[in-house]
Amino acid sequence: MRADGGEHWISGSDSSHDSGDDPSSRFRTLYRSTFNDIHAYAIRALSPDQSEIDDVVAEVYLVAWRRIDELPRSPQDRLWLFGVARNVVRNTKRGTNRRLLLVHRIHRQPRVPDGSSEPTDVDVTAALARLSPNEREVMQLVVWDELSVAETAEVLRCSVNVVQVRLHRARRRLKRWLRAASWDPDGVAAGAVPTGEVAAREMEAEDRQ
Amino acid sequence: MIADDIDNLVKRADPVGPTSLVGPDSPEADGIWERVLAATSPGAGVLPLPRPRSGQARRLTLPALGVGVVAAVVILVLQLLPTPVLPASSASAAVLRHLAERAAAVEPAAMLNGDQWLQSEFRVSYLAAPSHEGPESAALQAARAVVEVDAEVWANDLSQYCVRQVVTSVAYNSPASRQAWLSSGIGLPSTPQPECGSGSLRADGQGIGTLDVARLPTDPVALAKALETGTTGIAALDKPPRSLTPFGRAVMLLVGPTLGATPALWSALLRAMATMPGVALLGAETTHSGATGVALAGAAGQGHRTTIILSPSTGALLEARKPVVFQLLATLPTTGVVAIQWLDAAGIPQVVDSGMLPSSLAGQVPTGIVSAVTKPGVPLSRWDAWLRSVLPELPGNASAGAGITGTPGVYSVSVITHAPDPDLALIMRLFRGSGLVHGIRSALG
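Keeping their order, the protein sequence lines are chains D and G.
1 is the number of the first residue of the first sequence in our numbering; add one for each residue after it.
210 is the number of the first residue of the second sequence in our numbering; add one for each residue after it.
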């Protein structure tokens, strides 16, 4: 009987050494060393909807376990997990418009003047939401998940050059929109951070330049 | 604004914040880890079980709506708890104690008489691999199939059993695997001939048959101790082929089939389980047969994690996922069982007369049994030697079995004959003549 051979089983105890090639130990080590990153990624990617975070994280590690033989060695395994998380998040969000609806609500929130010319978090969140998905994703991976440009390229399976271009465009647009918001304290409500249609037109115009 | 300013503004809007409060040792991490663990126990790598869903309070969640009775049970228990976020073990213990009360109120099962059998049915899904001696091709080594079987088991109080199984589906992991399996000359998993035999054939607990639980204590503390120390007096539990945790032993009992069980025993078993560490409450779950119950999970031994789904009204087992059970493996229609994925108890065990056994078992159903208890101090090796000398003399394809009793060094032994007109008197004379046994009894099948 092959009950003890050929299949990888995760040990339920913590007594095993977290090193070496034993798949169970390796998986346990991977979980402990990357949980924070993947959990945070899921929060950011799904924010503000909190209901799916645990499901997404569990699914990411289930995928990792099923494909433990394909998992690259550290530190590439962390990036591999980001790639899996990205796909899981994408599947989770597919078919729902919750995020868009919430962005819409944020956009309509009247801004409370606080005497500061600094953009608020609401401004930044609204501005991020108006970026193209590709640009927003690059921005978030680099700034929030603190991946380098090269690491981001690996997660997104694209070239470093593409990441640099998207990052540059994202910063340029955010700069313009947030400057507009800070110049006009009522800007968010008045549309200083452009709505989707306006943003799309602006982006098209910028890209033509 | 320069790029750094933009990045700082974006960083400030990070929904996670500058310092995450969630670490690998946090309750969130533990909860997710348990879910991953529960879904990745043996067999799940090929066909994972449905992913349990969680809500706000980790494992204390109730994902299913419209399962009124289950939800009511769990809600009731959780409401009785002092805080909404207790360790899972506390919640699972409360649920198990509640179910124990339900189990105690169940109508006692009918007792078997000499020619009656306990009929139980179950559905099982297991991961199979071709068992092959000698060199194997890579394709054969990688071959796996998920086999689903509907099974009926009949058992009597003389440790005899009959099994009839129907393979309802076989799913190979690839067409190449099926081809390799077929080319190797190993039979593909298919419906086997019904068979009968004697349970507890081997004192190490391997083999099949029923678990005679009549002598188990009905005091939860004593039962918990017996399960913890492996001193239940049931060989399959005390000396399993692989190590079992107390929870693993309890699951084996729940899976059965058992003889001699009473509502008091099931109640005691659930109360004993309530004292076992590491048993987590998963909430309401639906079995593969469509029943809804209360799901709990725990370590069953050697890294196996088993989920059980219990009836909210009786505490009876509805489904066991990835159980470590040995009493069923030998009956399954392939020799390469890697792991049982799930097992559903189908219906309530019933007492039937011998005449109710299917005609396909004709010729296999024992026609007579002589049982005895060995004298203290007679080793099983002497019993084995004696059997080898007398069995060939007996007509009707006779077989024999032995099991341990509640007294150390004393064994229960039996000789079974399938002869149409069995000469039980002859067998009894042989028993007496051996000088190894006393307390002989016989029964016609």
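Please note that the accuracy of each hint is not assured.
To be verified - So the derived list for chain D, only partly shown, Cβ under 7 angstroms to chain G, looks like this:
1) Ile43
2) Arg44
3) Leu46
4) Asp54
5) Val57
6) Pro119
7) Asp121
8) Ala129
9) Leu156
Just so you know, these hints were derived from the structure itself, not from any lab.
Quick caveat: nothing in here was measured; it's all calculated off a predicted structure.
For every residue, glycine included, the Cβ atom is placed at its ideal position computed from N, Cα and C.
Hints, one by one, checked against the model:
1. Interface restraint check: Ile43 of chain D against chain G, minimum CB-CB distance 5 angstroms, threshold 7 angstroms, status holds.
2. The beta carbon of Arg44 of chain D comes within 6 angstroms of a beta carbon in chain G, closer than 7 angstroms, and the hint placing it at the interface holds.
3. Because the beta carbon of Leu46 of chain D sits about 9 angstroms from the nearest beta carbon in chain G, more than 7 angstroms, this interface hint is broken.
4. Here the hint on Asp54 of chain D is kept, as its CB sits about 5 angstroms from the closest CB of chain G, short of 7 angstroms.
5. For Val57 of chain D, the interface hint holds, since its Cβ comes within 7 angstroms of a Cβ in chain G; the closest pair sits about 5 angstroms apart.
6. Because the smallest distance between the Cβ of Pro119 of chain D and any Cβ of chain G comes to about 6 angstroms, under 7 angstroms, the interface hint for this residue holds.
7. Interface hint at Asp121 of chain D: satisfied, since its Cβ lies 4 angstroms from the closest Cβ of chain G, which is below the 7 angstroms cut-off.
8. Taking 7 angstroms as the C-beta cut-off, the interface hint given for Ala129 of chain D is violated, the closest approach to chain G being about 11 angstroms.
9. Proximity of Leu156 of chain D to chain G is violated relative to the hint, the smallest CB-CB distance being about 18 angstroms (cut-off 7 angstroms).
Of the numbered hints listed earlier, those contradicted by the structure are 3, 8, 9.
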